[in-house]
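Chemist: Given next are the chains, with one letter for each unit.
There are 2 protein chains.
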Amino acid sequence: MEWKPDKSSQIPVYIQISDYFETRIMNGEYPAGSSLPSERTLAALLDLNRSTIISAYDQLNSLGLVKRVKGFGTIVTLSTSAEGHVKRVPNWEEYVKSGFLQLNDPITRTIHKIVGSDKPYINFAIGELSADLFPVTLMQEAHSQLELSQYLGYEHIQGNLKLRESIANHLNRYRNIESSSSSILVTSGAQQALQLIIQCLLKPGDSVAIEDPSYSFSLPIFHSAGLRTFRLPVGEEGIDPEQIVSLYKQHKIKMVFVNPIFHNPTGTTLAYNRRKRLLDISTKYGIAIVEDDPYSLTSFNQEPMSTLKSMDQDGSVLYISSLSKIVSSGLRIGWMTGPQAVIQRLTDAKQQLDFGHSNIPQWIAAQLLSSGELDNHLMQLRVGLQKKLQLTMNALRTELGDKVRFHIPSGGIHLWCELQGDWDELQMFNLAIDKGVVFTPGSTLGSQSRHVRLTYSKVDDLLIGQGIQRFAEAYLQCRDEKNSR
Amino acid sequence: MEWKPDKSSQIPVYIQISDYFETRIMNGEYPAGSSLPSERTLAALLDLNRSTIISAYDQLNSLGLVKRVKGFGTIVTLSTSAEGHVKRVPNWEEYVKSGFLQLNDPITRTIHKIVGSDKPYINFAIGELSADLFPVTLMQEAHSQLELSQYLGYEHIQGNLKLRESIANHLNRYRNIESSSSSILVTSGAQQALQLIIQCLLKPGDSVAIEDPSYSFSLPIFHSAGLRTFRLPVGEEGIDPEQIVSLYKQHKIKMVFVNPIFHNPTGTTLAYNRRKRLLDISTKYGIAIVEDDPYSLTSFNQEPMSTLKSMDQDGSVLYISSLSKIVSSGLRIGWMTGPQAVIQRLTDAKQQLDFGHSNIPQWIAAQLLSSGELDNHLMQLRVGLQKKLQLTMNALRTELGDKVRFHIPSGGIHLWCELQGDWDELQMFNLAIDKGVVFTPGSTLGSQSRHVRLTYSKVDDLLIGQGIQRFAEAYLQCRDEKNSR
Numbered sequence: 003m004e005w006k007p008d009k010s011s012q013i014p015v016y017i018q019i020s021d022y023f024e025t026r027i028m029n030g031e032y033p034a035g036s037s038l039p040s041e042r043t044l045a046a047l048l049d050l051n052r053s054t055i056i057s058a059y060d061q062l063n064s065l066g067l068v069k070r071v072k073g074f075g076t077i078v079t080l081s082t083s084a085e086g087h088v089k090r091v092p093n094w095e096e097y098v099k100s101g102f103l104q105l106n107d108p109i110t111r112t113i114h115k116i117v118g119s120d121k122p123y124i125n126f127a128i129g130e131l132s133a134d135l136f137p138v139t140l141m142q143e144a145h146s147q148l149e150l151s152q153y154l155g156y157e158h159i160q161g162n163l164k165l166r167e168s169i170a171n172h173l174n175r176y177r178n179i180e181s182s183s184s185s186i187l188v189t190s191g192a193q194q195a196l197q198l199i200i201q202c203l204l205k206p207g208d209s210v211a212i213e214d215p216s217y218s219f220s221l222p223i224f225h226s227a228g229l230r231t232f233r234l235p236v237g238e239e240g241i242d243p244e245q246i247v248s249l250y251k252q253h254k255i256k257m258v259f260v261n262p263i264f265h266n267p268t269g270t271t272l273a274y275n276r277r278k279r280l281l282d283i284s285t286k287y288g289i290a291i292v293e294d295d296p297y298s299l300t301s302f303n304q305e306p307m308s309t310l311k312s313m314d315q316d317g318s319v320l321y322i323s324s325l326s327k328i329v330s331s332g333l334r335i336g337w338m339t340g341p342q343a344v345i346q347r348l349t350d351a352k353q354q355l356d357f358g359h360s361n362i363p364q365w366i367a368a369q370l371l372s373s374g375e376l377d378n379h380l381m382q383l384r385v386g387l388q389k390k391l392q393l394t395m396n397a398l399r400t401e402l403g404d405k406v407r408f409h410i411p412s413g414g415i416h417l418w419c420e421l422q423g424d425w426d427e428l429q430m431f432n433l434a435i436d437k438g439v440v441f442t443p444g445s446t447l448g449s450q451s452r453h454v455r456l457t458y459s460k461v462d463d464l465l466i467g468q469g470i471q472r473f474a475e476a477y478l479q480c481r482d483e484k485n486s487r
Numbered sequence: 003m004e005w006k007p008d009k010s011s012q013i014p015v016y017i018q019i020s021d022y023f024e025t026r027i028m029n030g031e032y033p034a035g036s037s038l039p040s041e042r043t044l045a046a047l048l049d050l051n052r053s054t055i056i057s058a059y060d061q062l063n064s065l066g067l068v069k070r071v072k073g074f075g076t077i078v079t080l081s082t083s084a085e086g087h088v089k090r091v092p093n094w095e096e097y098v099k100s101g102f103l104q105l106n107d108p109i110t111r112t113i114h115k116i117v118g119s120d121k122p123y124i125n126f127a128i129g130e131l132s133a134d135l136f137p138v139t140l141m142q143e144a145h146s147q148l149e150l151s152q153y154l155g156y157e158h159i160q161g162n163l164k165l166r167e168s169i170a171n172h173l174n175r176y177r178n179i180e181s182s183s184s185s186i187l188v189t190s191g192a193q194q195a196l197q198l199i200i201q202c203l204l205k206p207g208d209s210v211a212i213e214d215p216s217y218s219f220s221l222p223i224f225h226s227a228g229l230r231t232f233r234l235p236v237g238e239e240g241i242d243p244e245q246i247v248s249l250y251k252q253h254k255i256k257m258v259f260v261n262p263i264f265h266n267p268t269g270t271t272l273a274y275n276r277r278k279r280l281l282d283i284s285t286k287y288g289i290a291i292v293e294d295d296p297y298s299l300t301s302f303n304q305e306p307m308s309t310l311k312s313m314d315q316d317g318s319v320l321y322i323s324s325l326s327k328i329v330s331s332g333l334r335i336g337w338m339t340g341p342q343a344v345i346q347r348l349t350d351a352k353q354q355l356d357f358g359h360s361n362i363p364q365w366i367a368a369q370l371l372s373s374g375e376l377d378n379h380l381m382q383l384r385v386g387l388q389k390k391l392q393l394t395m396n397a398l399r400t401e402l403g404d405k406v407r408f409h410i411p412s413g414g415i416h417l418w419c420e421l422q423g424d425w426d427e428l429q430m431f432n433l434a435i436d437k438g439v440v441f442t443p444g445s446t447l448g449s450q451s452r453h454v455r456l457t458y459s460k461v462d463d464l465l466i467g468q469g470i471q472r473f474a475e476a477y478l479q480c481r482d483e484k485n486s487r
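Just so you know, the sequences run in chain order A and B.
Residue numbers 3 to 487, in this note's numbering, belong to the letters of the first sequence in order.
Residue numbers 3 to 487, in this note's numbering, belong to the letters of the second sequence in order.
Okay, chain A solo, but in the shape it has when bound (with noise of 0.2 Å):
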């Protein structure tokens, strides 16, 4: 080999030894199949170090010239056209290992792929509502009243005017907040709101708490800002408020995600003392307060409950909901609500990504919101998803008696629950799928309890029964496998 990198260029050593490799396949030197010298025997050749090669062939993989196979080395895959040219289509593996964004985790994906697939699955794990659910004549009358006879173009990026004016009333009536039209963000459902306070006011390496057991536990968003996550466990009361100061002291945490009423996926409320400590904490240590509140509307005993914004003086919580799960989760209206200078820095960004929300589920949602049937359907929705979660409690006793344990919630729409004895969570996972029934395994939720959360909301009442005793089976199944090893 008479080619010699220079060490004296500016052009790192491994790209100059990518590039020559690269010269070389492009000209046919190397044809599809063929081996490039060894890592060693280059070293030697070169008089370099085995890192080096290692970072040059890597960089040639990363161009799609060559895979390393082990045992084999590295071979060159680059196809040659029927005309004997060289083809290097873009090596798509390649490129969607890279982003920002990253995947989400295998099991998260495979209910994902379940939800989308057509066979009839018992479905514990999406958190939605169930066909009965659905106000389907308030949503009729609302479409009704359209008139599309309206500008058809871009909508306002903060969201329809009427609508978040429909907001700020409802916030108001309903969870006893104050807020005004330009205090409102519309987003597509709650996600796209954390999504947004997460890539516009957090910056990598900054340090926040998020409560264990939780939702945001499946979101890669977290890791993919480069955050750093602390956990504060919630137990019969929601999490510990003095746990947040001390995390503070030693890691100067700069947010706060919490789901006070009605947890996800625990079930358990925040106590009012607890909130009101919270607060307090918030504004001693100025630690920013993000609240997500999908479920405070669903209180079976109809008890008012009061959300952290509605206790803050300060305007030191960011306050998200969404219809999602108290009307429809396909109509994809979210709000959150905040300081100007947030909610101006976050339309900007909303503008960016999606260009503002589509115009005609905002126009339903404003018709939706000012109905006076609203009222009606809610307390339907409650019955209904009581009716739901004692149906599911029943199938459980029945099935698995005193081998499972859960907290009674008293609203929402999850049901915690933990199974006794040994037992191996994915393998119980895809046994379960196997059955035609999907939950969601406690890991995916941050928790090292075995647990499983168990999604009542969305499964009609007449299959419930069916779904709990092959969930059972499942669990008997594995634990049953694990004890006679």
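In case anyone wonders, no lab produced these hints; they're calculated from the structure.
Hints may contain errors.
For chains that are exact copies, the list does not tell them apart, and a pair is met inside one copy or across any two.
[Claimed, not checked] With a straight-line cut-off of 27 Å between C-alpha atoms, the simulated DSSO-like cross-links for lysine-lysine are:
1) Lys484 / Lys437
2) Lys405 / Lys484
3) Lys254 / Lys389
4) Lys99 / Lys205
5) Lys9 / Lys254
6) Lys6 / Lys286
7) Lys437 / Lys405
8) Lys89 / Lys278
9) Lys89 / Lys205
10) Lys286 / Lys89
Fair warning: this is a prediction, and the values are worked out from it, not measured in the lab.
Chain A is fixed; fit chain B onto it per the hints.
Modeler: Below, chain B alone, put in the same frame as chain A:
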């Protein structure tokens, strides 16, 4: 000062100093309005570099405890509650400066503010249709055929199946592109498709090529994602593909972003032989192409335009289009098609970002795309757009004669105008706004060459003359002022 930082501790010295003052401020030893020791004094007292003190004070500033006032030093800003407790509301000003997603540039922010306001600006800045060009009857028809008794839960995250099938048929019939429902992702306009590609397929430090000028310049996402962008000048025949080869050899560019047909903003179309050459280069060097194609169906002479994707034998093009420029921007229906691996990766990301698109606009879009009336609408649209273009050019010639030059586009919605002489761009932009007319300054789109973009699609025919008159006044006034100096 008795306290000294512990230089042997693992905690950085500047953090120790910041912690020290934080405790004292919180204790009330330094009340609101009081000053901390000057940087110089404290550095001498603690026997440290002044830069360490600056870092400590910056940290206190980012915690919202102090403000650094030029000429006055470092002032405690913490307020004290009526009960005498120190209160420290989250410092939102600091939060909004953080974040991965950077802000839009000031001119773009001004344009969006104007679009969101109630004042009747004559708007040559926003890329959407005017009220008379929307297919209102078609929309009403599609709307009335909806059955709202159908399931109101989450749609498939990749997009409603019927809509994806309609898009595949549409692409086949209107744009000669082969695709299938499984290779299509429904997005919130083309904007979100661009975002997803950048956030999922590229990593910080990657090099990409974009057209100059280009809509891409107005998107902070390239910089937010840490990409290195290289320019491909757009001439009468579009970009010169050979420049991609040299960019690849120098910078290993991984992706090329192009809008080949009725280019935004120049209105030019990439010549056929250049389109072929671009594809050759893509598959010779393995460079991915992103083709943004919002305008190809607006050809004034009805000539069918060959998209890159229709000529792509090897699957190296990611193709993006939408209904925004031909039906309704407010629906927010866009789509992309590409290799399965890419579509799956981006679908997973869309789940994280917004949990899929809203249902109703997708059902309506599926109806629209399958309607036999779409052809008629497109015919009317072309006539309507061409008329607006003609009115705009006539008015420009009347008002400005040979002081303005432009290439006459044969489709699309933008007219790219070169204004002669010496004039200040920002001054002209602001003056035009004062006169009630908005346009897009060339620099927003990356141009350094005294150009402006006039988007004629949105302005009412009857207002075009008046709009151009005001525009011309603003230009002449700026030019005269500059010359009289």
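Chemist: Taking the hints in turn, state whether each one holds.
Modeler: Here's how the hints hold up against the structure:
When the C-alpha separation of Lys484 and Lys437 is checked against a cutoff of 27 Å, the pair qualifies only within one copy, where the shortest distance is 19 Å, while the shortest distance between copies is 78 Å. With identical chains, the CA atoms of Lys405 and Lys484 are at most 27 Å apart within one copy only, with a shortest distance of 15 Å there and 85 Å across copies. Proximity of Lys254 and Lys389 under a CA criterion of 27 Å is satisfied in neither setting, with 44 Å inside one chain copy and 61 Å between copies. For a Cα distance limit of 27 Å, the shortest separation of Lys99 from Lys205 qualifies both inside one copy, at 22 Å, and across copies, at 9 Å.
Taking the closest pair of Cα atoms, Lys9 and Lys254 come within 27 Å of each other only across two copies (20 Å); inside a single copy the shortest separation is 45 Å, beyond that limit. Taking the closest pair of Cα atoms, Lys6 and Lys286 come within 27 Å of each other only across two copies (26 Å); inside a single copy the shortest separation is 63 Å, beyond that limit. Within a single copy, Lys437 and Lys405 get their C-alpha atoms as close as 20 Å, which meets the 27 Å cut-off; across copies the closest is 76 Å, which misses it. When the C-alpha separation of Lys89 and Lys278 is checked against a cutoff of 27 Å, the pair qualifies only between copies, where the shortest distance is 15 Å, while the shortest distance within a copy is 66 Å.
For the homomeric pair Lys89 and Lys205, the shortest alpha-carbon distance between copies (25 Å) is at most 27 Å, but the shortest distance inside one copy (41 Å) is not. In this assembly of identical chains, Lys286 and Lys89 lie within 27 Å of each other by CA distance solely across copies; the values are 5 Å between and 63 Å within a copy.
Checked against the numbered hints above, the structure violates only hint 3.
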